[in-house]
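There are 2 protein chains.
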Amino acid sequence: MTKAIGYAAQHSYSRLKPIVFERDDPTDSEVEIEVMFCGVCHSDIHQVKNEWSNTVYPCMPGHEVVGRVARVGGSVSKHAVGDLVGVGCMIDSCRVCEPCHAHEENYCEGPNSWLATYNGPMIPAKMAPGGINMYGRDNSYGGYSSSIVVSEDFVLKIPASLKPEVAAPILCAGVTTYSPMMHWGVKAGDKVGIVGFGGLGDMAAKIAKAMGAEVTLFTRTAEKLEEAKKLGVTAVLESDKKTMTSLANSFDFMLSTVPEKHDVNPFVKMLKRDSTLAIVGAIEPLPSENNQERVMHRKSVAGSLIGSIAETQAVLDFCAEHGIGPDIQVIPIQEINQAYARVIKGDARFRYVIDMATLKLDEEAA
Amino acid sequence: MTKAIGYAAQHSYSRLKPIVFERDDPTDSEVEIEVMFCGVCHSDIHQVKNEWSNTVYPCMPGHEVVGRVARVGGSVSKHAVGDLVGVGCMIDSCRVCEPCHAHEENYCEGPNSWLATYNGPMIPAKMAPGGINMYGRDNSYGGYSSSIVVSEDFVLKIPASLKPEVAAPILCAGVTTYSPMMHWGVKAGDKVGIVGFGGLGDMAAKIAKAMGAEVTLFTRTAEKLEEAKKLGVTAVLESDKKTMTSLANSFDFMLSTVPEKHDVNPFVKMLKRDSTLAIVGAIEPLPSENNQERVMHRKSVAGSLIGSIAETQAVLDFCAEHGIGPDIQVIPIQEINQAYARVIKGDARFRYVIDMATLKLDEEAA
Chain A
1 MTKAIGYAAQ
11 HSYSRLKPIV
21 FERDDPTDSE
31 VEIEVMFCGV
41 CHSDIHQVKN
51 EWSNTVYPCM
61 PGHEVVGRVA
71 RVGGSVSKHA
81 VGDLVGVGCM
91 IDSCRVCEPC
101 HAHEENYCEG
111 PNSWLATYNG
121 PMIPAKMAPG
131 GINMYGRDNS
141 YGGYSSSIVV
151 SEDFVLKIPA
161 SLKPEVAAPI
171 LCAGVTTYSP
181 MMHWGVKAGD
191 KVGIVGFGGL
201 GDMAAKIAKA
211 MGAEVTLFTR
221 TAEKLEEAKK
231 LGVTAVLESD
241 KKTMTSLANS
251 FDFMLSTVPE
261 KHDVNPFVKM
271 LKRDSTLAIV
281 GAIEPLPSEN
291 NQERVMHRKS
301 VAGSLIGSIA
311 ETQAVLDFCA
321 EHGIGPDIQV
331 IPIQEINQAY
341 ARVIKGDARF
351 RYVIDMATLK
361 LDEEAA
Chain B
1 MTKAIGYAAQ
11 HSYSRLKPIV
21 FERDDPTDSE
31 VEIEVMFCGV
41 CHSDIHQVKN
51 EWSNTVYPCM
61 PGHEVVGRVA
71 RVGGSVSKHA
81 VGDLVGVGCM
91 IDSCRVCEPC
101 HAHEENYCEG
111 PNSWLATYNG
121 PMIPAKMAPG
131 GINMYGRDNS
141 YGGYSSSIVV
151 SEDFVLKIPA
161 SLKPEVAAPI
171 LCAGVTTYSP
181 MMHWGVKAGD
191 KVGIVGFGGL
201 GDMAAKIAKA
211 MGAEVTLFTR
221 TAEKLEEAKK
231 LGVTAVLESD
241 KKTMTSLANS
251 FDFMLSTVPE
261 KHDVNPFVKM
271 LKRDSTLAIV
281 GAIEPLPSEN
291 NQERVMHRKS
301 VAGSLIGSIA
311 ETQAVLDFCA
321 EHGIGPDIQV
331 IPIQEINQAY
341 ARVIKGDARF
351 RYVIDMATLK
361 LDEEAA
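Chains A and B, in that order, are what the protein sequence lines are.
Position 215 of the first sequence, counting from 1, maps to 215 under UniProt numbering, and the rest follow consecutively.
Position 175 of the second sequence, counting from 1, maps to 175 under UniProt numbering, and the rest follow consecutively.
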């Protein structure tokens with residue numbers, strides 16, 4: 001056991017505060033990482049506030065983690081002490097189901113699905129068949145902490161040309177948008193629409209553009225139109241009904257990154273025949289969908305969940321190769337609660353990344 | 001012009017009654033067909049009752065038409081006088097858009113989309129860009145009639161081994177279920193779920209089985225469980241929650257044939273990862289969909305609309321080759337209004353087909 005410190009919420013109505021806790025020593029196949037930076041994802045907020053009704057407290061979020069390897073278990077071969085590495089949304093999976101064998105751990109169909117970097121197994125033991133908890137834990141503490149211990153197979157290599165703080169959001173926001181674009185075959189010359197221009201929309205637009213696609217961003221925030229220009233992509237205000245209508249049947253692929261309930265019908269109309277709108281932000285039921293559009297032009301509405309470990313490595317390498325990354329604001333961890341408030345208001349431009357070096361100052365308070 | 005007789009509704013609240021009207025003489029590229037049989041599709045009832053708010057009256061339904069070629073235009077090369085032929089849902093399309101070039105006329109994106117066998121252009125002139133009516137007509141009279149005149153390119157050949165009355169429903173119910181199964185690649189060994197066991201469900205189950213799939217039919221009607229056994233497929237009553245739940249994540253493909261608003265969520269749950277539920281029956285908005293299922297297992301909900309001319313010929317040939325066809329009840333046209341009532345009640349087993357030889361008796365009444 002080693003002493004660690006992190007920021008956690010004790011209840012759904014609590015602010016995040018520092019707590020001292022113990023991390024296990026790395027087993028034979030695990031890696032201990034000293035956390036340098038951790039991105040702030042909208043999911044962190046949903047989870048802290050128990051908006052998916054499955055939060056285990058204390059809740060210590062953080063699944064966009066970058067740091068240096070501090071210790072390795074005896075059989076670890078992929079990573080060495082001192083390496084710059086990353087941890088995304090998953091720290092383990094069942095490893096035996098068909099999706100795991102197909103290297104799609106993000107769709108793990110084991111009794112507890114994959115083990116989330118924070119909040120424990122995706123399917124809690126009480127909901128799993130036979131009440132099995134294959135991971136032996138009901139909670140896991142994420143990257144808003146001084147250190148983290150993870151199986152080497154779920155640790156990513158950060159390319160040398162990426163700044164560690166820039167690499168962090170690629171581990172969730174990057175792969176969550178990259179994975180569906182690869183799955184549905186986005187290619188050079190395609191017209192791609194991105195719904196929502198937050199942390200995921202920012203990454204989605206940059207990745208799609210680097211793939212050679214013609215990108216249109218849809219936002220409800222007039223102030224973000226200028227930001228889109230900086231990216232060199234078209235932006236449309238969702239309230240601009242005339243432009244919205246003119247885009248009927250024009251996109252080869254659309255991605256909805258909106259992290260909450262929203263109406264996808266205006267965007268289903270914009271799909272070309274035989275094309276797909278993939279939803280990656282919202283997991284709640286959405287307003288009733290326009291079935292006529294789906295039937296008349298053989299359109300699909302699909303979902304997609306983060307990405308596999310292989311895809312996470314691929315998107316890190318892709319971003320390094322193309323010189324792209326998220327627009328970030330580095331904050332000290334003491335500002336995390338204010339940062340949450342700004343994310344909820346849609347004021348973030350575009351991803352907050354916590355500088356974990358600031359954590360040490362707080363240690364005595366804990 | 002030639003004198004014709006058919007059954008039509010004058011208003012949304014009217015019963016079908018005989019009317020005498022004139023059919024154009026076939027142009028150079030058209031074929032005149034003496035109608036022998038016409039299937040009764042649930043769409044006929046929706047259209048007659050103006051349930052899609054687009055009915056042009058008088059409304060003379062019928063798009064499962066089988067008959068003999070009576071006359072041909074000078075340049076007709078595909079069909080000859082005396083041939084047994086069929087007409088499905090379409091009698092023309094714009095022929096210049098990308099889907100038409102790709103031989104997918106059923107997704108025609110011309111100003112009026114395709115020309116329906118009855119009720120005229122899919123997109124009426126008043127709704128088309130520039131108010132264009134490229135077909136020069138606002139209404140078309142379907143197969144509940146003594147004759148029909150159709151462009152040779154939209155006329156199908158009925159294989160010799162199919163009885164004409166059995167072939168009729170294949171022209172709509174057959175191709176509507178065959179097309180999505182081909183598009184989404186149903187193959188031998190796949191587990192295929194069919195939602196709804198009416199005229200479409202009956203054809204869907206037979207076609208999927210002939211493709212080598214393992215078929216499960218879902219119905220709300222206990223009396224239909226026996227019918228499913230006759231087909232040699234599994235049937236599940238939708239109210240049997242235990243069985244419904246046990247089928248989670250088990251189907252490679254699902255097809256919803258229910259011709260009205262219905263909840264697809266129980267069936268989305270039954271899809272395997274990366275699989276699709278295609279809706280072919282309902283075009284209205286459906287109840288809110290469980291987005292979590294789509295996201296967590298990368299599932300899709302899609303639509304599909306009838307099938308192309310090439311697919312219609314293919315399904316006729318497929319049914320002939322495999323010795324399958326719809327279960328039908330042949331009725332005289334004088335019973336059409338009672339047949340509609342039974343279809344609405346779900347009492348049909350499974351497709352009514354009108355024997356058009358009975359029409360002549362009525363001629364004097366018109």
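These are computed hints drawn from the structure, not numbers from a lab.
One thing to keep in mind: the hints can contain errors.
One copy or any two copies: either way a pair holds, since identical chains are not told apart in the list.
Said to hold, decoys possible - With a cut-off of at most 27 angstroms between alpha-carbon atoms, the simulated DSSO-like pairs for lysine-lysine come out as follows:
| id | residue 1 | residue 2 |
| --- | --- | --- |
| 1 | 126 | 269 |
| 2 | 230 | 209 |
| 3 | 272 | 261 |
| 4 | 126 | 224 |
| 5 | 187 | 126 |
| 6 | 49 | 242 |
| 7 | 78 | 360 |
| 8 | 229 | 272 |
| 9 | 241 | 126 |
| 10 | 261 | 360 |
| 11 | 269 | 157 |
| 12 | 126 | 242 |
| 13 | 272 | 126 |
| 14 | 78 | 126 |
| 15 | 49 | 126 |
| 16 | 191 | 229 |
| 17 | 49 | 191 |
Hint check results:
1. For a Cα distance limit of 27 angstroms, the shortest separation of residue 126 from residue 269 across copies, 20 angstroms, qualifies, whereas the shortest one inside one copy, 41 angstroms, does not.
2. Taking the shortest alpha-carbon separations for residue 230 and residue 209, only the intra-copy value of 13 angstroms comes in at or below 27 angstroms, while the best inter-copy value is 55 angstroms.
3. Within a single copy, residue 272 and residue 261 get their C-alpha atoms as close as 24 angstroms, and across copies as close as 24 angstroms, so both meet the 27 angstroms cut-off.
4. For the identical chains of this complex, residue 126 and residue 224 are neighbours neither inside a copy (43 angstroms) nor across copies (38 angstroms), given an alpha-carbon limit of 27 angstroms.
5. In this homomeric assembly, residue 187 and residue 126 never come within 27 angstroms of each other (Cα to Cα): the closest approach is 43 angstroms inside a single copy and 37 angstroms across copies.
6. Within a single copy, residue 49 and residue 242 get their C-alpha atoms no closer than 38 angstroms, and across copies no closer than 33 angstroms, so neither meets the 27 angstroms cut-off.
7. Taking identical chains as interchangeable, the C-alpha atoms of residue 78 and residue 360 are never at most 27 angstroms apart, the minima being 29 angstroms within one chain and 83 angstroms between chains.
8. Taking the closest pair of Cα atoms, residue 229 and residue 272 come within 27 angstroms of each other only inside a single copy of the chain (25 angstroms); across copies the shortest separation is 41 angstroms, beyond that limit.
9. In this assembly of identical chains, the alpha carbons of residue 241 and residue 126 lie at most 27 angstroms apart only when taken from different copies (21 angstroms versus 47 angstroms within one copy).
10. For the homomeric pair residue 261 and residue 360, neither the shortest alpha-carbon distance inside one copy (38 angstroms) nor that between copies (58 angstroms) is at most 27 angstroms.
11. For a Cα distance limit of 27 angstroms, the shortest separation of residue 269 from residue 157 qualifies neither inside one copy, at 40 angstroms, nor across copies, at 36 angstroms.
12. In this assembly of identical chains, the alpha carbons of residue 126 and residue 242 lie at most 27 angstroms apart only when taken from different copies (19 angstroms versus 50 angstroms within one copy).
13. Within a single copy, residue 272 and residue 126 get their C-alpha atoms only as close as 43 angstroms, which misses the 27 angstroms cut-off; across copies the closest is 23 angstroms, which meets it.
14. In the homo-oligomer, the alpha carbons of residue 78 and residue 126 never lie at most 27 angstroms apart, since the shortest distance is 34 angstroms inside one protomer and 66 angstroms across protomers.
15. For a Cα distance limit of 27 angstroms, the shortest separation of residue 49 from residue 126 inside one copy, 21 angstroms, qualifies, whereas the shortest one across copies, 51 angstroms, does not.
16. Taking identical chains as interchangeable, the C-alpha atoms of residue 191 and residue 229 lie at most 27 angstroms apart only when both belong to the same chain, with a minimum of 17 angstroms there against 48 angstroms between chains.
17. Taking CA atoms no more than 27 angstroms apart as the test, residue 49 paired with residue 191 passes in neither setting, with 37 angstroms inside one copy and 40 angstroms between copies.
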